[in-house]
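Could you build all of it, start to finish, from the sequences and the hints given here?
Protein chains in written order, with full-length UniProt numbering: chain A, 1 to 281; chain B, 1 to 281.
These are computed hints drawn from the structure, not numbers from a lab.
Please note that the accuracy of each hint is not assured.
[Stated by the list, open to error] With a cut-off of at most 20 Å between alpha-carbon atoms, the simulated SDA-like pairs for lysine to any residue come out as follows:
(1) A/LYS172 x B/GLU159
(2) B/LYS281 x A/ASP267
(3) B/LYS172 x B/GLU249
(4) A/LYS223 x B/SER211
(5) A/LYS175 x B/GLU161
(6) A/LYS204 x B/ASP267
(7) A/LYS204 x B/ASP264
(8) A/LYS175 x B/THR189
(9) B/LYS281 x B/ARG52
(10) B/LYS204 x A/ASP264
(11) A/LYS232 x A/GLU219
(12) A/LYS204 x B/GLU219
(13) A/LYS204 x B/GLU266
(14) A/LYS204 x B/ALA268
(15) A/LYS132 x B/PRO165
(16) B/LYS204 x A/GLU219
(17) A/LYS172 x A/LEU87
2 protein chains.
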Amino acid sequence: MSEKDEKSTSSVDYRGLGKDVFEFFTHRTAFNSAAYLLPVLESITKSNPGLRLLDVGAGAGSVSATLAQVIGPEGHVVCTDLAPSVLPQAEAFAQSLGVTNISFQTADVHKLPFENDSFDVVHCHQLFGHVKAPSDAIREMLRVLKPGGVMAAREGDKETEIVWPPLPGMLKWHKFDSDVVIAHGGSLTAGRQLLSWALEGGAKRSQITVSYGNWLTTEEATKETYARGISKVLTGPTRQNALQFGLSEDEIDEICRDTLAWVDREDATWLMLQTEIIIRK
Amino acid sequence: MSEKDEKSTSSVDYRGLGKDVFEFFTHRTAFNSAAYLLPVLESITKSNPGLRLLDVGAGAGSVSATLAQVIGPEGHVVCTDLAPSVLPQAEAFAQSLGVTNISFQTADVHKLPFENDSFDVVHCHQLFGHVKAPSDAIREMLRVLKPGGVMAAREGDKETEIVWPPLPGMLKWHKFDSDVVIAHGGSLTAGRQLLSWALEGGAKRSQITVSYGNWLTTEEATKETYARGISKVLTGPTRQNALQFGLSEDEIDEICRDTLAWVDREDATWLMLQTEIIIRK
Chain A
1 MSEKDEKSTS
11 SVDYRGLGKD
21 VFEFFTHRTA
31 FNSAAYLLPV
41 LESITKSNPG
51 LRLLDVGAGA
61 GSVSATLAQV
71 IGPEGHVVCT
81 DLAPSVLPQA
91 EAFAQSLGVT
101 NISFQTADVH
111 KLPFENDSFD
121 VVHCHQLFGH
131 VKAPSDAIRE
141 MLRVLKPGGV
151 MAAREGDKET
161 EIVWPPLPGM
171 LKWHKFDSDV
181 VIAHGGSLTA
191 GRQLLSWALE
201 GGAKRSQITV
211 SYGNWLTTEE
221 ATKETYARGI
231 SKVLTGPTRQ
241 NALQFGLSED
251 EIDEICRDTL
261 AWVDREDATW
271 LMLQTEIIIR
281 K
Chain B
1 MSEKDEKSTS
11 SVDYRGLGKD
21 VFEFFTHRTA
31 FNSAAYLLPV
41 LESITKSNPG
51 LRLLDVGAGA
61 GSVSATLAQV
71 IGPEGHVVCT
81 DLAPSVLPQA
91 EAFAQSLGVT
101 NISFQTADVH
111 KLPFENDSFD
121 VVHCHQLFGH
131 VKAPSDAIRE
141 MLRVLKPGGV
151 MAAREGDKET
161 EIVWPPLPGM
171 LKWHKFDSDV
181 VIAHGGSLTA
191 GRQLLSWALE
201 GGAKRSQITV
211 SYGNWLTTEE
221 ATKETYARGI
231 SKVLTGPTRQ
241 NALQFGLSED
251 EIDEICRDTL
261 AWVDREDATW
271 LMLQTEIIIR
281 K
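Encoded structure:
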């Protein structure tokens with residue numbers, strides 16, 4: 001894979017962040033990040049227990065591994081990411097859950113290394129906001145999906161992200177996190193565009209079911225893993241990345257202090273509109 | 001009621017808008033705007049069919065009248081608004097549904113004309129975003145609520161409002177609508193503040209259940225009544241108000257054209273984070 005390809009599509013490595021960052025993304029599971037898909041998976045699994053599910057841009061692999069749990073031991077998940085470096089971590093995560101019906105493979109969403117009509121389910125989570133041609137990515141995901149299969153995607157709309165109470169460090173984190181996405185060519189409005197991208201990618205409106213969510217994941221996971229994880233990450237090796245990106249030592253300390261203070265607030269609220277689509281091929 | 005009081009609290013008349021505007025707010029019903037409350041009401045109604053429900057800042061009264069349907073003929077709804085001028089319209093709306101277990105009364109949320117512990121349920125919808133002291137309003141609503149009763153509120157967070165595709169006239173409408181709220185002392189961040197306001201108003205965290213919604217109402221109601229209603233309102237008597245507020249004739253025409261074009265788009269999306277709270281006294 002050329003460097004050019006990597007830059008044009010990567011959802012992960014471009015941030016130059018490490019294991020600790022992926023660790024804190026493990027607050028995402030099938031149960032809190034793909035809940036809209038679970039009833040559909042239950043139905044597919046009943047009629048086709050040996051189904052094959054492709055997860056694209058899976059990062060730390062916590063959603064992939066829990067999807068493998070959901071579909072049961074006769075089914076199989078292929079967990080992919082553009083960045084080879086993250087796959088061993090995803091594999092270790094699956095092992096920690098005792099999940100074995102899963103394999104790991106490098107894959108570029110723009111040139112998936114699979115035949116046409118290969119999978120019963122093709123899934124991604126928070127991918128298109130980091131991809132430069134989302135409708136092309138959807139077209140490619142639909143290519144490897146079997147006729148009668150289901151493609152599923154969930155995208156947050158970062159411009160709608162709200163944190164309350166508005167502790168200064170929380171607002172600085174939001175700005176930093178948004179700036180990083182923009183600096184790498186991502187989109188802060190993926191949620192609102194997802195349906196348009198699906199139509200441009202070749203899906204017909206009648207094939208698409210749309211639903212919406214609010215939380216990043218769940219209140220508990222947002223507090224205990226994500227918010228607490230920010231201060232863990234920013235006091236570890238990733239602190240250097242944040243400094244290089246332009247945050248000052250004081251700003252980083254303020255972010256760490258305020259995210260922890262926020263967790264203990266009775267009125268703690270951290271929301272973002274999430275769009276979820278299911279496409280039946 | 002003095003003019004000063006009216007200015008400090010009104011949720012309605014301050015815009016100087018007329019019957020046609022309230023007409024287009026009738027897309028709001030108990031079913032699409034108070035769905036989070038319906039299971040609670042069902043439970044209360046079973047044990048106490050003669051319950052009394054107070055609706056505050058009810059405007060066109062379409063939520064009040066449908067709440068009266070939900071609680072059934074033995075229950076009673078007191079539909080109130082600060083603006084006496086809107087109550088006949090609310091009454092006509094209830095009559096059009098054949099709803100008779102409802103009465104109408106002028107009331108200021110900051111000085112409700114009711115005894116302590118008078119109601120089994122106290123409800124409001126999109127009120128606190130137009131009130132200058134929301135936590136005082138909540139304290140007053142809790143005062144007239146019986147011990148063991150339920151207070152319920154739903155507030156949109158206008159800063160999270162998104163319209164897709166971003167037709168220029170749709171964005172102009174969003175800006176105009178937000179500017180009007182700000183010009184009258186309202187808040188564009190009511191949704192994220194609702195839980196804080198409830199705590200400041202005297203509720204304990206353990207008494208409060210929070211949930212979140214996305215749509216303005218439902219997709220169908222947003223398209224057919226709200227979006228189509230905008231062009232109806234802006235080609236009627238309210239056009240003068242919009243001109244006085246600073247929109248040009250061309251801008252108004254663009255809003256009308258684009259809202260109707262938006263309704264027919266396959267990717268039409270119009271969302272806003274909504275916070276819903278239930279407080280058990």
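### Query
Are the Cα atoms of A/LYS204 and B/ALA268 separated by 20 Å or less?
Status holds; Cα separation ~14 Å.
### Task
Mind checking the alpha carbons of A/LYS204 and B/ASP264 for me, to see if they're no more than 20 Å apart?
holds, 15 Å
### Query
Can the restraint linking A/LYS204 and B/GLU219 be considered satisfied, given a maximum Cα separation of 20 Å?
holds, 19 Å
### Task
Assess, step by step, whether the Cα of A/LYS232 is no farther than 20 Å from the Cα of A/GLU219, and give holds or violated.
OK: A/LYS232 and A/GLU219 at ~19 Å, within 20 Å.
### Message
Would the hint linking A/LYS204 and B/GLU266 be met if the CA-CA limit is 20 Å?
### Response
holds, 9 Å
### Task
Quickly compare the C-alpha distance for B/LYS281 and B/ARG52 to 20 Å and report which way the hint goes.
Holds: B/LYS281 and B/ARG52 sit about 15 Å apart, inside 20 Å.
### Message
For A/LYS132 and B/PRO165, compute the direct alpha-carbon distance and say whether it is at most 20 Å.
### Response
It holds: about 19 Å lies between the C-alpha atoms, which stays within 20 Å.
### Message
Please verify whether B/LYS204 and A/ASP264 have alpha carbons no more than 20 Å apart.
### Response
Within the cut-off at roughly 15 Å; holds.
### Query
Quick one, are A/LYS223 and B/SER211 close enough, alpha carbons at most 20 Å?
holds, 16 Å
### Query
Between B/LYS281 and A/ASP267, does the CA-CA distance stay at or below 20 Å?
This hinted pair holds, its Cα atoms lying about 18 Å apart.
### Query
Does the alpha-carbon distance linking B/LYS204 and A/GLU219 stay inside the 20 Å limit?
holds, 19 Å
### Message
For A/LYS172 and A/LEU87, compute the direct alpha-carbon distance and say whether it is at most 20 Å.
### Response
violated, 31 Å
The earlier numbered hint that this structure contradicts is number 17, and it is the only one.
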